[in-house]
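Kindly produce the complete structure, drawing on both the sequences and the hints.
There are 4 protein chains.
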Amino acid sequence: MFKVGIVGGTGYTGVELLRILSQHPEVTIQSITSRKEAGMAVSVLFPSLRGRTSLAFSDPIDAGLEKCDLVFFATPNGIAMQQARALLDAGVRVIDLAADFRIKDVAVWEKWYGMQHACPELVAEAVYGLPEMNRDRIKNARLIANPGCYPTAVQLGFLPLIEAGIVDLDHLIADAKSGVSGAGRNAELHTLFAEASDNFKAYGVPGHRHLPEISQGLSHMAGKSVGLTFVPHLTPMIRGIHATLYAPLTKDTDLQTLYEKRYADEPFVDVLPVGSHPDTRSVRGSNLCRMAVHRPQGGSTAVILSVTDNLVKGAAGQAVQNMNLMFGLPENLAINHAPLFP
Amino acid sequence: MFKVGIVGGTGYTGVELLRILSQHPEVTIQSITSRKEAGMAVSVLFPSLRGRTSLAFSDPIDAGLEKCDLVFFATPNGIAMQQARALLDAGVRVIDLAADFRIKDVAVWEKWYGMQHACPELVAEAVYGLPEMNRDRIKNARLIANPGCYPTAVQLGFLPLIEAGIVDLDHLIADAKSGVSGAGRNAELHTLFAEASDNFKAYGVPGHRHLPEISQGLSHMAGKSVGLTFVPHLTPMIRGIHATLYAPLTKDTDLQTLYEKRYADEPFVDVLPVGSHPDTRSVRGSNLCRMAVHRPQGGSTAVILSVTDNLVKGAAGQAVQNMNLMFGLPENLAINHAPLFP
Amino acid sequence: MFKVGIVGGTGYTGVELLRILSQHPEVTIQSITSRKEAGMAVSVLFPSLRGRTSLAFSDPIDAGLEKCDLVFFATPNGIAMQQARALLDAGVRVIDLAADFRIKDVAVWEKWYGMQHACPELVAEAVYGLPEMNRDRIKNARLIANPGCYPTAVQLGFLPLIEAGIVDLDHLIADAKSGVSGAGRNAELHTLFAEASDNFKAYGVPGHRHLPEISQGLSHMAGKSVGLTFVPHLTPMIRGIHATLYAPLTKDTDLQTLYEKRYADEPFVDVLPVGSHPDTRSVRGSNLCRMAVHRPQGGSTAVILSVTDNLVKGAAGQAVQNMNLMFGLPENLAINHAPLFP
Amino acid sequence: MFKVGIVGGTGYTGVELLRILSQHPEVTIQSITSRKEAGMAVSVLFPSLRGRTSLAFSDPIDAGLEKCDLVFFATPNGIAMQQARALLDAGVRVIDLAADFRIKDVAVWEKWYGMQHACPELVAEAVYGLPEMNRDRIKNARLIANPGCYPTAVQLGFLPLIEAGIVDLDHLIADAKSGVSGAGRNAELHTLFAEASDNFKAYGVPGHRHLPEISQGLSHMAGKSVGLTFVPHLTPMIRGIHATLYAPLTKDTDLQTLYEKRYADEPFVDVLPVGSHPDTRSVRGSNLCRMAVHRPQGGSTAVILSVTDNLVKGAAGQAVQNMNLMFGLPENLAINHAPLFP
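Protein chains in written order, with our numbering: chain D, 1 to 342; chain F, 1 to 342; chain B, 1 to 342; chain Z, 1 to 342.
Do not take every clue at face value.
Only part of the chain B face toward chain Z is listed, based on derived beta-carbon distances under 8 Å [as the list claims (entries may be wrong)]:
#1 K177
#2 A194
#3 F200
#4 K201
#5 Y203
#6 T229
#7 V231
#8 T235
#9 T244
#10 Y246
#11 L249
#12 H277
Just so you have them, the derived chain F footprint on chain D, three or more residues with Cβ under 8 Å [to be verified]:
#13 123–130
#14 136–144
For the record, the hints were derived by calculation from the structure and aren't laboratory data.
In this text, a Cβ means the ideal position worked out from N, Cα and C, and glycines have one as well.
So, in structure tokens, the structure goes:
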């Protein structure tokens, strides 16, 4: 049994990690920390986990994280970068579900996240935890930057097009829609039920922190810089991301075959048949990314529809997928549950 | 008092017409027809209207529609075209809230709607009822083709850009999201609560009937044919449309000023301040279209956010706006209620 | 034109008052106060009111409330009791939408609300603003205690039964369900969309503040103390209260006739036909209370279903109804809009 | 491996059975039938199951059900009673998730279900599949009547009170609220998103088919007939039942201890700590029934809050629990997943 720790377990990402890991046959959760809730039983804060775990939240000081094989950070941005060095030095591997190690250009990171980076030297070492791009490097990594929720759905959707070199890289558009859990478990006005229900809106059009992360990923695939317009929206559902991607085609190709081939061996990417429209609920609670490929009226614009569960493939599930790879376990262990429908 | 009739009053468009017209000070509803519900009191089918109307649904035969000043068709596609000629000949003006008279090219209409047109000669006469484009022609029209819900939000959003001639007309994108009432009051599986709630999906990507209507409108504005990719989505809310529009800019212009000037005198178009993101709920129950204009990162792509209530400005409210214009009444009479928030 | 002021206009009750009063033909809103938002235009905080009001929030000090004819308190509990005396002394009438003057027994109030009452002498003078019980006293009142949302739906539902003296007063049960807006516009975890959506729960079963208010009302009707079990629930909708009331019958009576007669002249109470089940949406956005009367299997338990919009008849609408009575205006002025359906 | 068949797999109960059974380590699904969809791959109708099953719906004639060890009926009422005899005669055990075998008094069944019973003699043999009451009889049963969704939550909630003989059996009240999936996957108007969302209502107050089923169960526990008022409500969520139960106490007892003792060994009943209020989402997707016990103000009325997922413990999960018992497998096999939160 591997021993893992969770730093910051009171948010939706933390509780989703707990849901998954408490059912994982090869892992023991050594401790889960929360300064604020230290001493409280996890199942008091999250009654859905009654009978699943006898853990209580512990103060980070007492958590014995250095004895773990691997530590997940399910914390706000800016925390993992302060603690990762010590853990790595103690031989503990680290997966950060926040953004601290996602952007390779530290100056860009500091601009978008509004703080000074505490350990720029680790940014270079960190491996971006998108298995469909970086599987081999993940296996041997000490430090994983787990991708953001939008970036996962958007990058997986564009990947085959860009690798194939058949789109105008200067005019990519990602129109993305997220469920409200993506905003986190924080008491804020704009995500109240009476504000977010029966409503739809865009936000962050002038600039969203996931833009540089996505741009970096797409540019990396393309081998050159890309021009992307990214517009996120808030939609009245709990879980789910739907990315609608638009790319001007520069070459005539059988897109369906391209996508099916690229993802043929991927356990968590499902290319739907021609003419499909994936529902977000078709992946609810699962680690899947389902997608469909369209070329409306046979024109020159490819339209890709890509859906994930933001808390699973977009966060905790992908983190466990990375952990499985790092531990040499079957990649789908404990993240292979069927989606919950309806 | 003007006398009006409603053909087909059992859908959401019909009941919304009833809500508005029952509070209109210059109009009497002469009759509302439904073959299926003939004899049933309107307030039995729609308890929200108890105490508002003593009408019962009548059989079209007995409805005395030819005595009305104006008749609304809130029917499925293909009904109005069979009855409009007789009403017009009897001196009755007609507003069709369905699609029978929206597409000028009858062959295109027949292809998308899958039936033969019953009165092509009236298509030429019909005025497209978007007051922000055709106000003067509406005033004198006998026959109005009331715009579709998506087309209203999308056309109003693109209008200033296209009129100004500052965008690449070959690469317009409209990513639109609709509340579920847009699918109508029909017993269908895919719009059940357990199917449509907590879910998000695109539909009709290969081709949606509102595409030729929007293309016609944009082409008319531009004076030449445009290339549009239109992707509609279903979002779990009752009312509301959010159109996110993308247009490549070909010229540097102050977009905010352009939009504010274009709509300065429009009673039902509200251009929000720079940097805004309109909520659909900010127009819930009202005849308003609110919009915001963005140019992310100062790049070459304009992003327009345009919201309406699909049942009001996207259907019944706009129909009453057209009726007010046709009757020489104040344009905002009975459709000037404040939105319902939250 | 009457001049009114609103103290504390940033909550849902406040914005609903604004929606109603901005469309009231006999009232001018003199000022709306908010210490926190002083200086901000109302339409910036509430874009739904763009074009409806040019007011900005003002600091209470500068609001000139003493020049108003009437002041509404849409504040948290404990504010109105500190300011009511000065306003009354200045000749200003007061309607408190919070709980400060609802409970006649000051000791009971202090126990349930956890604070000392600032002006017990005014409690005696205050008139409980339920027009269906106290219409005449409301007309001449200086100070109105506007009823709570649950108490309105529950008391109107029980009223005919209790007045008729045909139920066992020791075993009344009110099982009530509220939309989430009833919890107010406060950033709290348990009313986040991701917490309250797709979920249902009871709360406050050991004791809810509306219990003593309802008990007082029912006891007043009965002329003796009643035994009530009151269980409130949170249901995933924005607006609406549904009270399901259970009363053991002690006498055989035609309940339908009893209810229809009692409410025959009430403009805002609608008794549905035998066998009906009122939807909360049938009163959405309106000042109506609709109800249905059942006696399942002809047994000895009466079941009353009573629905209101918690922000209208349960708060702002009833406050305006009281104001209309106090000003000698038609009782339904500006609160007679049709419900929004769907 | 046991071989099972599913008759009628296109509803929510059927797809939930598929979700659970496709992850069951000791069971092979031999066939799933649907006359209407015969030939269609299950994963085409239910994309959430892509990659989970390669089954196609088969015509009942070709399904080879007689070769199964056990057949589930996830059909409308009135189907299982026509086919059960032949299967039983072929040595196949049967679990009916519909109502055909739930009511022991055939005349009562025929009255409430409006049809003649096809095999009254099997009604007597059928075991009511509520393991917490009938575990031993279930193990050896050939034919199981799987309980309804409301009856499961209500009976488990009342059980300890009634067994202990401490309540007035003539005045029991069950105020129950269900998510919309309880109405089934049928194209009907009243369960459309635009009808059921943002709305709350009671239904079936004069009489609901689950009333005689619950009454029978409670009477069986009590050893005498009980008087129950049962009011079901429709609440805008997909899954979940919340039963709020009221019982007049006739004896002073420590209710918390009573409930904890009664359910101490039950794997799927969770009695929450004193003062709790269970959320329906705390059991979403799981086979659990969580409950809390209250006695408001220390009075004479017990209030029990009982929640389940209507599709799991209220249908498919309980059916698999029964199957596990019948096959001598661990009772929680394949139905032990953690609830999905948020």
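Hints versus structure:
{"no.": "1", "hint": "K177", "result": "6 Å, holds"}
{"no.": "2", "hint": "A194", "result": "4 Å, holds"}
{"no.": "3", "hint": "F200", "result": "5 Å, holds"}
{"no.": "4", "hint": "K201", "result": "4 Å, holds"}
{"no.": "5", "hint": "Y203", "result": "5 Å, holds"}
{"no.": "6", "hint": "T229", "result": "5 Å, holds"}
{"no.": "7", "hint": "V231", "result": "6 Å, holds"}
{"no.": "8", "hint": "T235", "result": "5 Å, holds"}
{"no.": "9", "hint": "T244", "result": "6 Å, holds"}
{"no.": "10", "hint": "Y246", "result": "6 Å, holds"}
{"no.": "11", "hint": "L249", "result": "12 Å, violated"}
{"no.": "12", "hint": "H277", "result": "5 Å, holds"}
{"no.": "13", "hint": "123–130", "result": "violated (count 0)"}
{"no.": "14", "hint": "136–144", "result": "violated (count 0)"}
Violated hints, in rising order: 11, 13 and 14; the structure is consistent with all others.
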